[in-house]
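Visitor: Going line by line, the protein sequences match chains D and R. For what it's worth, this note's numbering labels the leading residue of the first sequence as 1, then goes sequentially. For what it's worth, this note's numbering labels the leading residue of the second sequence as 1, then goes sequentially.
Worth double-checking, as some hints may not be accurate.
What the hints assert, rightly or not - In silico DSSO-like cross-links for lysine-lysine, where the CA-CA straight-line distance does not exceed 30 Å: (1) R/Lys179 with D/Lys124; (2) D/Lys692 with D/Lys681; (3) D/Lys219 with D/Lys42; (4) D/Lys709 with D/Lys681; (5) R/Lys104 with R/Lys176; (6) R/Lys176 with D/Lys124.
What the hints assert, rightly or not - Here are a few chain R residues that sit away from chain D, every Cβ distance over 12 Å (derived from the structure): (7) Ala19; (8) Arg27; (9) Gly28; (10) Pro51; (11) Ala61; (12) Asn111; (13) Ser160; (14) Arg166; (15) Thr183; (16) Ala190.
Stated by the list, open to error - Derived Cβ-Cβ restraints for the label pairs, each shown as a range: (17) R/Gln131 with D/Asn35: 52 to 60 Å; (18) D/Asp116 with R/Ser194: 40 to 48 Å; (19) R/Arg89 with D/Asp194: 53 to 61 Å; (20) D/Arg217 with R/Gln131: 37 to 45 Å; (21) R/Pro117 with D/Leu179: 54 to 62 Å; (22) D/Asp134 with R/Ala97: 23 to 31 Å; (23) R/Lys49 with D/Asp134: 46 to 54 Å.
Since the hints were made in silico from the structure, they are not lab data. Every residue, glycine too, gets a C-beta built ideally from N, C-alpha and C.
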Amino acid sequence: MFSRLQTKLTVLYAGLFALALSLVAVTVYLAIVGNAQQAVRKELTATGTVFDRVWALRTQRLHDGADLLSRDFGFRAAVATHDGPTVESAISNLRQRLGLDLAFTVGVDGEVVGVDPAQLDLEKLWTALDSGDDAQGVFIVNGAPYQVISAPIMAPSLTGWVVFAAKLDKREMRALEQLSAIGLNAEVFDRRGDGWITSDSGPGNNSMAAFVEGAIRDKTGKPALLKVDGEDSLVLVKPLKSLAQDGAAALVLRYPMAEAMAPYRPLMAGVILVGLIGAALVAAASWALSRGLARPIIALDDAARRLQRGEDVRVEIQTHDEIGRLADSFNLMAAEIRQREAKITHQALHDEETGLPNRRALEREITARLSAAGPGEHVVVSATGLDRFTFVRSAIGYDLATQLITQLAARISLIAPDTFIGRLTTSTLCVVSTQDDIEATLGRIEALLAGLEAPIRVGGEMVDINMTVGIATTEPGGLDAPGLIEQSMIGLDQARAARRKVMRFDPAAYGDPSGNLSLMSQMLDGVGNGALFLNHQPKLDLRSGKITGVEALVRWKHPTRGMMRPDLFVEMAEETGYIRALTDFVLTQAIADQKTLRAAGHDVLMSVNVSGRLIDDADFAERAIAQVTREDARVCFEITETAVIGNPDVALGVLDRLAAAGIPVSIDDYGSGLSSLAYLKQIRADELKIDKAFVLTLEAGSKDALLVKSTVDLAHSLGMKVTAEGVETREALGVLQLMGCDIAQGYFIARPMGVEPLTNFLESWSIELPETMEEPKVHSA
Amino acid sequence: MKFFATLLIVAFFATSAAAGSLTVTVRGADGKPVADAVVTVYPGGQPTKGPIKFPWPYRVAQQNIQFTPFVLIAPAGAEVAFPNFDKVRHHVYSFSAGNKFELKLYGKEENRTVKLPTAGVAAIGCNIHDQMVGFIRVVDTAYAAKTDASGVATINDIPSGAVVARLWHPYLRALKNEKTLATTAISGGASRESIAVELRAPAADH
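Extracted from the complex, chain R is given alone in its bound form (with noise of 0.2 Å):
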């Protein structure tokens, strides 16, 4: 608990000192807002020193066939749990480069780990079922959110200054399925940006 208050209050000293929030909203070409699109804010453009905590779970569970959720942000060299729900069986795996792994056919209520050393993105299938298909964002900054359903993202305790922020979505048509944001700094208060973007349309048969 106490590590928890200290956290709180450096927070709110470097939040009441000088910080900001950025708010992102992201529509797709036809208007609708797009879920699952990851937003990275790198102050003064580089990564963040030190070891980087989300408040959300490191896990992508398998249930009803499907990866839940469909995108997880984790930071780099964390260990992400795949546990089964399911009474089938999964054989996940991952050929994306820096975080190769291959989770061989385990059963329900099983929990595997694998630890994610590679900043970057981690496609992350199922050898047995080719509908499955799920997205692991490695990140190394501690500014990360991904939009929910209606399209939003925000990322609070933004230092104020000159900031680099991109979005990636794992069907962004564009090289690496990632854009840099027109944010540029962040002031005290809340930035708000919104966005179009064009995605590919997921494999029909997969």
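For reference, chain D alone in the conformation it holds in the complex (with noise of 0.2 Å):
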């Protein structure tokens, strides 16, 4: 209901104390008016009582002058006779004497004497009278009640009565009230038809003559309340006997409790008026004492709020209750937050090894500078790489190599103050640098890179560095942050590539590498529907002139592109993982295109390439092995001496299996890579193929020919024909027959070629060659 702890507070504690004061008042109030009620009832019965004597009183005072005179000789004399003046006169006397308002006398035979009989009704006067003795009560004369005493006149036997009345008027009622100690309203009802009037004040209202009317119906004797005229009253009603039988009359006290309050009213007000300044006292009270609990917790709340936003707050409450111990609390908690929210915020922006920042830093400080570059201002990023790291950690331990990069950050620190320094990778640290000449900087980070690479003292010794450098550049508005690391990060790995001390990235030669996977997708497209194809490079048999053999190379037409590089995505699905389904490929063809040769009549060996990412794969083995005996293929797997190298066990067994299987292996582009006389000692290949580097060069007496020839010898010698690549002149063919070479493939002879071209190649095949002095010494190994 209320949102604020002080309007509750307040509003609680004076409502409560309102509440209190109110049930006092309350029942103090109702003791008055129960006080009050009883001792006005008390009054109204005594007055009640003193009134019963009055009349008592009254009508005897009046009964003995009746019968005083009715016992009068001359007056019953006079009334005997007649003798109306008088009895007039006599009853006249006695009138003024006694101060009555009324005396006549009414004879048997209905006469009236002493009032004028039109103003009273006589049969039923007449009637009361002869009903009884000493007949008495209320009687109405001329509109008026009166009391009424009559008294027998008998002379010696009953003549008359004599009656004397006394009239209840104002007065008379005003000499009651007199009577009373308290002031109380006294009036004499009167049944007058089916209602009961005061003749005072005409008819008497409603509620009044209804109650007088239940009163004397259930006679009873006690006060009750009454509303009269919008007033409670005390209302206690006397019947009083009525003259008539059919008449009746009451007397009816009544006291208003307004009247009966009144002396208890300074009272009330007091009370009221004491609860009313209390009740303000304590919600002013309340008000403060809630304030001053209230303040603390709103500076609770309040803090509370900005210690969510992440502001550094502190709340002083100087109490030592509970609220000032939840401060204190609050204080430390804010402190704790606030120490722990640095430390993981150090964490997050720093190498946790070198202390360096990360490369959430690095990227945090590269959008600060971008924002912050002015116009023809650049970002530039270099990823400065420690080369051989691993191998100088293995050396020094990790300590120490730790240490090598942080004195190293602290180095290109000292030369390059206005640089940002962090750790990219384990071995990187990255420098973000903004400027304004790329190509000057690209020369001063060269000229600085020689300063760098002073050997660094760790651990007392000196350990010697090498660097290489990428850089990256932007402008505002270019590239981004994660963008302008990635670029530095694979200028990098150009620069080693191209053998470069510092190389700024080549977008160019990167390509677009997220193209390569979508071009993947598409060549194993392209197998199903014929874009992929091979073409055949026959090859030649320098002793017999025959085409003995074919190698199979596998080409792209890219619906858009046309004819792909063979090496740009053979390469690719080496490094995608697309190679095996491209081998698969190529040889399913070659041995289906064996068959549709041999279908023309043509047996020729086919020289499938093999990647090296496939000769140590045992699975591809078996399955090539099993598809090549199945198909009764001719098919000699052509492998370079590297594929050997990075797992040589398993791919030494592979090829073992090949050989037991019958299956010729080739080593490919012999020379032009790390050439292991050991490894070749150890592949049990039938062929070996001279790179096309060698033969493209070769002249009579040059050191090619010199390598050429020796390889010759030493593949003779261990047991392997020799393939020589890239023959493209008749005098390299002869000066490889010469040397001794088995086989030879290259333009000269033909280039590669669909399966139909070459049908009608090998159909018209023929070519002269010299003969050989010597037969090639051929040794199986």
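Combine both chains into one complex, guided by the hints.
Guide: Here is the structure:
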């Protein structure tokens, strides 16, 4: 209901006090009302009793007078003899003497003397008088109630009655009211017709009339509460004897409660005033108290919100109660949160080993510099790689290697103080700077690199270091931070590949790596739709002059990009894992093409290139062997020597299995890569293919000719045939034949071609070869 | 004596020739016999002409502070005696119209007489003793009698023919304390009538 604690407390306390006070006030009021009512009831009852006595006394007095008169002999004589004037004078005399309102005689014959008979209901009066001796009671004369007393006149028999009447008027009632200790109101009601009326004030009000009627009927002799003219009154109804039998009259004593309450009014006012002052004080006090209580809570609430927003907060509350302790705890908590946050932030932005900023911190820095860079300014990111770091690390240990990185970073920061240095990878530092002139910067970096490569002292020893730097730059609005870092790393790789110390990222060389994967899937599509196909390059047997084999070369005619360079997509397939699918296709297609050629009457050995990535894949070997055997194909697997180096045990085992299955193996591109005589010895190959780099420049007497000759001899001595690639001239062919080379392959003989042209080629092939002097010596391994 | 004898003979003849008697029995509303009720008969509805003489003395004595008898029937113009047998004095009066009199204080053994000239009622009282009340029924017919303690009154020798018979009692609740009886004719022999009347209670403290 209330959102503020202070309001809540204030309302609660003030409300409680007001409630308690109201209860007290109500109790006091009820007690007072009860008390006052009790007092008034007593007084009313007492006044009623007094009235009874007064009534009786007056009745007696009137009766005495009437009796006296009725017995006077002269009066009786006058009445009996109908001496009207005498009777009237006698009555008038007594009326004045007794101070009566009315005095008259009524004869048994109905004759009235002393009052105008028209003023009263003679028949009712006569009946009442005749019904008994000494008839008395209230009777209406001339519209007003009178107390009527009668006495019979015996002369000596009943001659008539002396009637005395006293008016029950206001004056009479005032006299009665004055007998009471309290200022009550007395009225005489009499029943006329259906209702009760009081002659003083005309017809009485309805509630009063109904109340009198009820009281008379129920004979309740006790005061009761009644609302008269809108105010509560205590009313006592005392029935009065009526002279006429069918008449009824009552004395009604009434006392307004408001008057009874009047003496207590100052007391009630006092109670209410004191209550209001008290309530105001309580409200003010609770307001102040709750303010004291709520203020620190509000401060804490505010502080908690600010803490949530990450602000540095401290609540100053100097009390020693629960709230004070809460504030202390809050401050402690806030401080610890700040510490932890700082630690987490530091951890999030720094390398744990060296304490240098990490990649995330670098990204932030780059982003910050990019947004701060002005026009013409570039953000330069230099990925500075420590060469051969794994060797260094295994030589000097992890701790010292880490120290090495740290010191190197310190050295860079010393010579290039405006830069921001972080650690990108284990062996790579990243230097971020903002520059105007990129070319000059590149030069400067190369110049500085010499100084940086000075040996570093770690653990008491001097360690030689070599570094390569890959650089990426961008202007604001260009690359974002992660892109920039990525390019610098690629630049580093490119520099290393190019064996350069410093190199800027070369987007042309990098190509589009993200396109590679989609290219590969397109290549697989090509397997099905014929975009991928084989061209075969014939291999000439230099001894027989016949085409004894072909090398199956894969070709890809891309639907939109045209002919794809084989070295490009084959290498890509090797790197992305698609090489196996590609090789499967080549092998299957080669076997199929061989069948086509066989059908045309040409049985040639199919040479298929097998990637180094597959040669140590035993599973591939099993399936290839099974396929070749099943199809009864004659296939030679061409592999490179380096393929064996990666995992020699498995690779050599696979080669053994191929040999056992009768599948010849050819060592491809011999001499171009790393050639190991040790492996050459172990590989059970049938053929050695000399790389075309040697053959293309083959001239008599050159170093290459020497190498080729010795290689031919070497192969022959290891029991292998020798194939020369790249034979493009008749001269080269001649030289090779002279050197004892067994097979030649190259443009001079034929370019690679499809199966159909090949069939035609084989049909029409003939060549004149000079006779060789000696048979080649072939030794089995 | 001769006078008496003559009267008796006349009466006898009258009776024997054409006369009857009327016996009236009066009872109250409670069924008890009412004494001191006076029955008067007017043959032909006319008062008796000539002097009237009743066989009882015209005397109301005061004895034990009471009038005795309570009711006396006397003919109009008769002299009624008021002897005092009490030791105290009495002051007898009547305010009744036509028969007003006052016998001022007189003592024991004194006898006063009053002539009551008018037919009607003389209510007599004593000015000294309020409780003393008596009535003299002054009649103008010879045929009158009052009921005895058993409530019976008999009038003999009423000439046959139409009559007006009336009943009076001091406390009879009727105009002038009088009622007309049902009997309207007397034939030879005895006529009888019973009547129930309502009486007003006499004033208690008198």
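Visitor: Tell me, in ascending order, the numbers of any earlier hints that this structure violates.
Guide: Per hint list: zero violations.
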